[in-house]
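Working from the sequences, and respecting the hints, build out all of it.
Protein chains in written order, with numbering that gives the first Met the number 0: chain B, 0 to 355; chain Y, 0 to 355.
Hint data in this document are derived by calculation from the structure and do not stem from the laboratory.
One thing to keep in mind: the hints can contain errors.
[Claimed, not checked] Pulled a few chain Y residues facing chain B out of the computed Cβ check, cut under 7 Å:
#	residue
1	V311
2	V330
3	T332
Each residue gets a CB set at the ideal place from its N, CA and C atoms; glycine is no exception.
2 protein chains.
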Amino acid sequence: MDHFWGVIPAGGAGTRLWPLSRRTSPKFLHDLTGSGRSLLQDTAARLEPLTAERLMVVTGVRHAAAVREQLPHLPADQVLVEPTPRDSMPAIGLAAAVLEARDPDAVIGSFAADHVIGDPAAFQECVREAVAAAATGALVTLGITPTYPATGFGYIKVGDPWPGARLARQATEFVEKPDRETAQSYLDSGAYRWNAGMFVVRAATLLDLLGRWHPELADALRQLAAEPATLDQVWPSLTKIAIDHAVAEPAASAGRVAVVPADFPWDDVGDFASLMSLLEADDGGLHVLGPRDQVVSVGSTGLVAAHSGRTVVTLGVDDIVVVDTPDALLVTTRERVQDVKGIVETLQQSGREDLT
Amino acid sequence: MDHFWGVIPAGGAGTRLWPLSRRTSPKFLHDLTGSGRSLLQDTAARLEPLTAERLMVVTGVRHAAAVREQLPHLPADQVLVEPTPRDSMPAIGLAAAVLEARDPDAVIGSFAADHVIGDPAAFQECVREAVAAAATGALVTLGITPTYPATGFGYIKVGDPWPGARLARQATEFVEKPDRETAQSYLDSGAYRWNAGMFVVRAATLLDLLGRWHPELADALRQLAAEPATLDQVWPSLTKIAIDHAVAEPAASAGRVAVVPADFPWDDVGDFASLMSLLEADDGGLHVLGPRDQVVSVGSTGLVAAHSGRTVVTLGVDDIVVVDTPDALLVTTRERVQDVKGIVETLQQSGREDLT
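Below you can see the structure in the form of structure tokens.
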């Protein structure tokens with residue numbers, strides 16, 4: 000494990016969690032589970048037993064200062080700052096190129112800054128298994144055991160055992176978010192796992208695979224690692240593309256992707272319904288994020304996020320979602336949480352970008 | 000009309016309008032209609048064409064400063080301050096005794112500080128009629144034309160024309176808040192009107208009538224008018240009783256009460272459903288109290304009171320009631336507005352009196 004580096008892409012606005020999550024302060028910077036730590040800090044803490052100080056965060060210019068503040072022990076050269084968002088492939092690829100230059104045998108494990116994992120020890124065990132499989136030249140992903148026919152996640156189709164591996168198997172296909180019926184068929188078949196966007200791979204392997212389908216991008220990233228001073232100039236010209244499309248999908252077709260089955264509880268905290276499921280309910284069925292003594296609930300179910308210091312009282316409301324922040328209040332229902340994204344667009348279009 | 004004095008009892012906590020209305024800042028001190036004036040200021044303005052400067056406000060010691068601030072032109076001796084709440088009879092009776100001492104022919108018209116009236120000119124016309132009837136020695140009340148079978152108001156049974164009056168009739172009975180069925184029968188009969196607690200009567204008549212059923216109270220009030228320095232000492236010993244029970248009900252039985260039919264829109268703003276009905280709805284059916292541009296509503300109906308300066312967003316919630324103040328937020332439904340009173344009790348019992 001001495002060559003293993005944790006890589007944390009810390010991006011994404013999390014607009015479906017507005018007004019908790021903002022462009023200026025996205026969800027990975029917030030404590031959304033009541034743990035006392037932000038999702039980013041939780042992600043770093045979860046990796047620490049595996050990586051010690053071998054951790055690299057890739058984030059946007061807008062959030063670099065907050066990331067450094069939340070992870071004060073991280074050396075300055077372990078925060079890579081993207082001048083503009085170019086999606087996940089350039090972000091993770093840059094970390095891979097920088098680490099390959101430091102250590103040709105580096106293995107990277109990329110884990111989003113804003114996911115929640117319920118059993119860190121099980122996670123660490125899976126990552127160890129993935130690192131072993133990555134040593135054979137595979138692009139290794141962790142495939143989460145699906146617990147319901149989710150339509151909000153992509154899936155990985157699982158094939159034969161990976162040659163020489165203890166638990167890893169062939170990943171034969173990555174599939175997009177399915178409709179409800181297809182999701183149910185995936186669940187019934189037992190052959191599919193959730194794609195949580197977790198990749199473990201030798202840095203050199205990732206860049207070599209990228210070089211097969213996007214040679215200019217692989218070259219540019221390696222060039223940037225050699226001449227970091229050119230970042231601002233070169234970065235905007237890079238292809239904006241997700242790692243799934245750029246590498247994972249074609250590599251799966253080419254038989255180069257392994258999947259380690261993962262049984263730990265996982266959630267991408269994509270919306271308030273997801274957030275609700277991560278928080279204990281009180282006796283009456285209300286889930287509270289924030290100081291419990293600031294919420295008075297009579298005959299109410301749903302979610303209250305009390306983030307303004309004020310007292311929040313709910314009376315006789317079912318499946319309600321109340322998100323209270325110092326400058327904005329959202330009241331909606333569990334049924335409509337997917338539409339919160341549209342509220343952010345409405346605010347931007349009506350000249351209230353300051354609230355987004 | 001030169002002997003006519005407006006009397007405004009300004010009391011009551013309005014707990015069903017929490018958190019807008021508080022013990023420390025009850026509803027009569029607030030602008031609940033978006034008029035730019037508080038209910039108290041509206042009440043005073045409505046009387047001004049009839050009374051000029053002949054206006055007397057009776058309020059509690061806790062609110063005297065706020066009353067003086069809201070009505071800065073009112074002379075100091077026209078704000079009577081109750082050391083403790085003793086219900087409406089001692090409050091209105093004290094005003095009557097003080098005014099009787101100033102002018103033996105004084106006629107008083109008592110109108111609560113926290114009601115809303117839709118047509119001030121019609122109100123003024125009714126009061127003129129009531130003043131004329133009061134000159135004949137009647138206790139005159141204004142009886143509001145009921146527009147639905149309300150269970151939240153008392154009713155007045157209307158009898159024969161009052162001798163010599165143009166519009167006034169005998170009030171044969173005051174009845175308590177009825178159940179739904181009884182209220183419907185009142186409405187169907189055409190013989191009942193809402194009791195809005197508005198009384199017009201010669202000050203001397205009121206005290207003489209009070210003297211028939213509560214002689215010690217009538218004596219004490221006249222004594223207090225003669226020796227105001229004894230107020231703090233005497234006041235706590237007075238009977239705590241409403242004017243309806245003390246005088247209006249027995250006087251009706253004795254044939255001494257007249258009722259002037261009143262067709263103006265009236266509301267006691269007793270709860271948030273009542274408040275909602277006073278505010279225009281937007282195109283989607285949401286009623287807003289406060290700055291309209293601080294409320295963003297998508298597919299929502301109900302009431303939003305935006306009183307904290309923050310932006311309030313409602314998404315897909317029906318018949319919702321959201322009341323946003325700087326230190327407390329209430330989220331409930333139109334159906335449950337009667338139960339808001341219980342929230343105030345809950346807060347008091349759990350040591351959060353500061354919020355009530």
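Comparing the hints with the structure gives:
no.	hint	in the structure
1	V311	holds, 5 Å
2	V330	holds, 5 Å
3	T332	holds, 6 Å
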